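Each chain, letter by letter, is given below.
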Amino acid sequence: MESVKHINKRAVASMGILALLIVLSFFISLNMGYIRIAPIDVIKVFIGAGTEENQLVLFDFRLPRMVIALLIGAGLAVSGAILQGVAQNGLADPGILGINAGAGLAVVLFIFFVQGTSSGLGMLSIFVMPLAALAGGMLAASLIYALAWKKGVTPVRLILVGIGINAAFGAALIIFQLKMNPRDFMQATIWLSGSIWATNWKFVVAMLPWIIILIPYTFYKARYLNVLSLGDHTAVGLGAAVEKERRILLLTAVALAGSCVAMGGGIAFLGLVAPHLARRIVGPKHEMLLPSTALMGALLLLVSDTIARNILSPSEIPVGLVVSALGAPYFIYLLIKTN
Amino acid sequence: MIKKASEMQQENSTTEEQKQERVASRPLVATLILFAGVAALFFGLGASISLGAANIDFKTVWEGIFQFNPDLTSHQIIQELRLPRALAASLVGACLAVSGAIMQGMTRNPLASPSIMGITAGSAFMVAIAFAYFPGTSHVGLMIWSFAGAGIAACIVFAIGILSKGGLTPVKLALAGTAVGALLSSFSSAIAIHYDVAQDISFWYAGGVAGVKWVSIQLLLPIAAFGLIMAFTIARSITVLSLGDDVAKGLGQRTAHVKVLGIIVVLLLTGAAVSVAGTVGFIGLVIPHITRFLVGMDYRWIIPCSSILGALILVLADLGARMINPPFETPVGAITAMIGVPFFLYLARRERRGL
Chain A
1 MESVKHINKR AVASMGILAL LIVLSFFISL NMGYIRIAPI DVIKVFIGAG TEENQLVLFD
61 FRLPRMVIAL LIGAGLAVSG AILQGVAQNG LADPGILGIN AGAGLAVVLF IFFVQGTSSG
121 LGMLSIFVMP LAALAGGMLA ASLIYALAWK KGVTPVRLIL VGIGINAAFG AALIIFQLKM
181 NPRDFMQATI WLSGSIWATN WKFVVAMLPW IIILIPYTFY KARYLNVLSL GDHTAVGLGA
241 AVEKERRILL LTAVALAGSC VAMGGGIAFL GLVAPHLARR IVGPKHEMLL PSTALMGALL
301 LLVSDTIARN ILSPSEIPVG LVVSALGAPY FIYLLIKTN
Chain B
1001 MIKKASEMQQ ENSTTEEQKQ ERVASRPLVA TLILFAGVAA LFFGLGASIS LGAANIDFKT
1061 VWEGIFQFNP DLTSHQIIQE LRLPRALAAS LVGACLAVSG AIMQGMTRNP LASPSIMGIT
1121 AGSAFMVAIA FAYFPGTSHV GLMIWSFAGA GIAACIVFAI GILSKGGLTP VKLALAGTAV
1181 GALLSSFSSA IAIHYDVAQD ISFWYAGGVA GVKWVSIQLL LPIAAFGLIM AFTIARSITV
1241 LSLGDDVAKG LGQRTAHVKV LGIIVVLLLT GAAVSVAGTV GFIGLVIPHI TRFLVGMDYR
1301 WIIPCSSILG ALILVLADLG ARMINPPFET PVGAITAMIG VPFFLYLARR ERRGL
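These protein sequence lines are chains A and B, in that order.
The opening position of the first sequence corresponds to residue 1 in this note's numbering, with each subsequent residue numbered one higher.
The opening position of the second sequence corresponds to residue 1001 in this note's numbering, with each subsequent residue numbered one higher.
These are computed hints drawn from the structure, not numbers from a lab.
From a predicted model like this one, the values you see are computed outputs, not experimental measurements.
Among the hints, a few may not be true.
Claimed, not checked - Which chain B residues face chain A? A few, computed with CB under 10 Å, are given here:
1. Pro1070
2. Gly1161
3. Ile1193
4. Phe1203
Glycine included, each C-beta is placed from N, C-alpha and C at the ideal position.
Can you build the whole structure from these sequences, using the hints too?
See below:
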């Protein structure tokens, strides 16, 4: 008992530190950008005494983007944690359910067929593209679930069918991508690498309900994840309605990742790495793991997006690339250091 | 107790029934696959040489190979274009399938494939550098860059495995491979986007064996042959290792040696294949599953059979890449997926535990 208490204390402390880091990076990120705004001016804007230009930059461009980054980071990370628990496989991430491949194909098809034909769609496509991505991701995920269904879904079959469908979507994607003109190709590549282009409060409003409903719901389901990750036999033995819980959890993971991919493109690696990092800090119990995974994901994506905005300013690099470049070395360090 | 411990260790869910299934092997089916596969492969090679923008009948194909007459155009097409291409396809297919089989045997993870070792990403990284900073590098030059990249990535992954506290566990290796792969591919994407060479690189990688010349074969053949022979020699040890680290150690195997050898084989085979044909996905992942389903769990059969099946599938896929939409080439990776996905899904659904 003593040790359990100790771990929990440690977990809560780590989450506190993560939250502090998020607040800290939030304020640093507010200052940084193409137009640098000194901390004192940021405070001035918040109390309503800033210049109009600063107010515009902060409220209309920087803040919505940062909020979106936090939401996407938390969503992808929790989705990855759910999938690793449900699939009982440490290599699982939202990509395994076909969400990235499905959304990617939908976006590539959209750029290829719709955007290529008329340039007047500019404004419309900003709002249609996330919907296309969401639809594609959902379609791929339901296809995988349907094909893996055979009087229930086992984790192994789910992973295998996921591999197959991902390969099929990937193949279709490369066929269309290679037929694109260079400008569209570049746009598709940047989207597929993961890039937060939704710098608008409307997107925040569209995204918020998914995250603030689904993530707490996942916390509520944490003990089922604990049981499911022990394996089907044990889970049945412990009296869990395995199939039902698995379906609910998978659906939650798909909805989370789908909404994130719609806003942020194919950000790879975050859903894989954030749960692993969190697990190293707070251990495998999902009651602690899920909240710290959410914090870890939000922190990682906020920092990555700040770097992506600034490192080659005034041009941006896709945030997904920064996530990998930041997350991978730390992940490797953890791999080397821990048993 | 040992059984329990080993079960706890592995990440994928292997049940008791699966354990018993593992032991079974089907030598008869395997022998049949070897013979029928070799026959089909020869037929496929013949078809691949004979069919194309200009169809050449089998008699001319035979003459073109064995009684080469440099004055005939058809003989020149056979010798300079079709033959190297067909041979490269079969070699690359065999290499990818075998390295995938070894990866899956060693890591005991159905998700493991050559690309998970970071090898493909390493190769893409160096090719991106070549495209961005040394434009105009020749095809053979790109091959060498690519192979170097594959080697560097594999060395990094391997070093991480060795340096880490718990030693070289399969799970760790797979995770390290994924991490290094993600890191390197983020660099190569950044380079590709910044220098606006993304599409060139994609074309190179999707190109398959289309532009293969004899000089590429000369580079590929010794590496591939060496790697395949090594793979056949360690097949028995891979079978033991695929029962799990604890079991393998209990049976007296020096698991570290086998793993080092296995990784070297995977590096040689995948590096050679990627540098010649770019990223032909799916073969390294799926052919081993299909082979395991057909011949059972013994890698002494899985490795030779998957080399034949891999070669056969890629030769046919390459033929399809030329024939579907002539004169344009369809990316060969898309064809392998189109052939492989339905069959793979069928197996995944049908078999409860064979995969």
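How the hints compare with the structure:
1. Pro1070: This hint is violated: Pro1070/B lies away from chain A, its Cβ roughly 36 Å from the closest one there, beyond 10 Å.
2. Gly1161: 9 Å, holds
3. Ile1193: Since the shortest Cβ distance to chain A is 6 Å, the answer is holds.
4. Phe1203: Because about 7 Å separates Phe1203/B from the closest Cβ in chain A, which is inside the 10 Å limit, the hint holds.
Of the numbered hints listed earlier, the single one contradicted by the structure is hint 1.
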